[in-house]
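Taken in sequence, the protein lines are chains Y and E.
Sequential numbering of the first sequence, starting at 1, is according to our numbering.
Sequential numbering of the second sequence, starting at 1, is according to our numbering.
Keep in mind that the hints were calculated from the coordinates and are not lab data.
Small disclaimer: the values here were computed from a predicted structure and weren't measured.
Any given hint might turn out to be false.
The list treats identical chains as one, so a pair stands whether inside a single copy or across any two.
Unchecked claim - The calculated BS3-like cross-link candidates involving lysine-lysine, where the alpha carbons are at most 30 Å apart (straight line), are: (1) K23 - K294; (2) K107 - K185; (3) K202 - K23; (4) K185 - K105; (5) K294 - K107; (6) K202 - K107; (7) K294 - K105; (8) K202 - K294; (9) K185 - K202.
Residues per chain are reported as follows:
Protein chains: 2
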Amino acid sequence: MSILVVGSVAFDTVETPVGRAEKVLGGSASFFSLAASFFESVNLVGVVGRDFGEEQLACFAGRDIDLEGLERVEGETFHWGGRYADDLNSRETLFTHLNVFESFKPKIPERYRTSPNVFLGNIDPVLQLEVLDQVQEPRLVACDTMNFWIDGRLEALHELLNRVDVLLINDSEARQLSGESNLVKAARAIRALGPRTLVIKKGEHGAVTFSDEGCFIAAAFPVEDVVDPTGAGDTFAGGFVGYLAAAGTIDDATLRRAVIMGSTLASFSVEAFSVERLLSLTRDEIHARFRVFKHLIDFDPL
Amino acid sequence: MSILVVGSVAFDTVETPVGRAEKVLGGSASFFSLAASFFESVNLVGVVGRDFGEEQLACFAGRDIDLEGLERVEGETFHWGGRYADDLNSRETLFTHLNVFESFKPKIPERYRTSPNVFLGNIDPVLQLEVLDQVQEPRLVACDTMNFWIDGRLEALHELLNRVDVLLINDSEARQLSGESNLVKAARAIRALGPRTLVIKKGEHGAVTFSDEGCFIAAAFPVEDVVDPTGAGDTFAGGFVGYLAAAGTIDDATLRRAVIMGSTLASFSVEAFSVERLLSLTRDEIHARFRVFKHLIDFDPL
């Protein structure tokens, strides 16, 4: 069951303790699509400029990713630059050139409008709502957001949250959105705003999921050689939504495996710059690491 | 198989967002002993002053905790004061009155010297070594340390680590001791110093254990109403060592359950000030939460 994703397709210039990557493929929709396409067909909606060329498009080729919704307009592609600290846990933004993304108005191609699964990447909640207005009752709507929109677009964000099934955000955003420092309390407050399922991502500390079935705690896979954390959250979302989209029914067991799948995909993504590792990744590697994951957290009852 | 513990027995004055507790029972050996005594008999070595009275001693009464090794000398008991930030994840020390603890020289009573299990709480590594010199080849030696000793007593600490089986430290200490920011690399470097098993505690993010059998990742139990985190790490150590001491053999499966047991005990400890919650705790509650823990992290294979 196909997935519609709306988000950024961008260039990233990234410095990490390991090295530097100049103007490489980035953006939430890019990482999401590449991860999700291991499980289901993806319909991508985004915008790029004239400087987005064959080299970047080739990253999506040969995969089940439809690019009809990737607009190409006059101007330059969204370009983000950032530098990670030595421990790779914090980063500073060096520049944000929104370029063509500044006036992005998602236009959903006719044949995308019946996609049963929708992922709304981290863009203005006003635009996320406009996307929902253009699609026909999806079975699953998941979305991401960030501190910038919690600060500046809270009303639209509340309206949006009332219409989504799954919200994926990081722990500091969950605290900000709820005004609660305790994550259990934060989750209760946020779920009361609409999303039945809340996935709180904690980076190297894993993810905690709250649903009607209770709480599920997932570790992050311990990666020894982290090269570039950029896109890990979007890759997580891609693995998570991709797995749910491919699953027949969404129950507690499916949800738990989907979270681990998201974490598995993210653990690969950080092993190289940009989308490099996702491009070389195989289904066998994914399944093998999922199995290792199980062993890493398993313990016997008393 | 009994456990010898050497560490601080103290008064704590603690302020948290929930309230304030004045001159209540604290200290690493106190939390450790109360937690471990759910599983095995404990022989406690420490020192207190004349101000340490019946009220405090009553906390240990009726439990399998031997206090022959708890010296009572002229002067006042070690008294620590601290204040926690609103998110309970960071704290500032308001005062540290070492008092009688400043000249603490652990004297191990004769009948303690054959304790098969030893836990060296966070004291000067020089003293931790002196304790090891007084005991007869224990089957299990576990220890804790902190940034202060890594900075100031590195040589003695290295000598000590060469003689312990299990080191329990927090993530920032692991990074400091190894000089590695990545925990997988830090663990490899620290295990090369001696301890076959390394438990890295990450507070609300759980614990990661490295041993000859590989890596085990344990979540922290999500506590909604944290009242006072003081002593959580020592309570973790008490549950962990206590479970191992009571176990026949120490294999990978036992080690994993011991970590979860440590985490279970710690999750109770933070629910009240001082050792209050450990005093009201029952074995049934421990077993019930251990079972919930299993459900919280469990997922099916693909």
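### Message
Please sort K23 with K294 into within, between, both or neither, judging by C-alpha distance up to 30 Å.
### Response
Close neither inside one copy (36 Å) nor across copies (45 Å); limit 30 Å.
### Query
What label fits K202 with K294 when the C-alpha limit is 30 Å: within, between, both, or neither?
both (19 Å within a copy, 20 Å between copies)
### Query
For K202 vs K23, is the C-alpha pair at or below 30 Å within one copy, between two copies, both, or neither?
within (27 Å within a copy, 36 Å between copies)
### Homo-oligomer pair classification [K105, K294; C-alpha up to 30 Å]
This pair counts as neither: shortest intra-copy Cα distance 42 Å, inter-copy 46 Å.
### Task
Give the relationship of K202 and K107 under a CA distance limit of 30 Å: within one copy only, between copies only, both, or neither.
For K202 and K107, neither the intra-copy (32 Å) nor the inter-copy (45 Å) Cα distance is at most 30 Å.
### Task
Evaluate K107 and K185 at a C-alpha cut-off of 30 Å and name the case that applies: within, between, both or neither.
Answer is neither; intra-copy 37 Å and inter-copy 47 Å both fail.
### Task
Classify it for me, K185 with K105: is the Cα-Cα distance of at most 30 Å met within a copy, between copies, both or neither?
neither (35 Å within a copy, 45 Å between copies)
### Task
Since the copies are identical, ignore which copy is meant and state whether K294 and K107 lie within 30 Å (CA to CA) inside a copy, between copies, both or neither.
The answer is neither: 41 Å in one copy and 46 Å across copies each exceed 30 Å.
### Message
Treating 30 Å as the Cα threshold, decide for K185 and K202: within, between, both or neither.
### Response
For K185 and K202, both the intra-copy (16 Å) and inter-copy (21 Å) Cα distances are at most 30 Å.
This entry does not satisfy hints 1, 2, 4, 5, 6, 7, going by the numbered hints stated previously.
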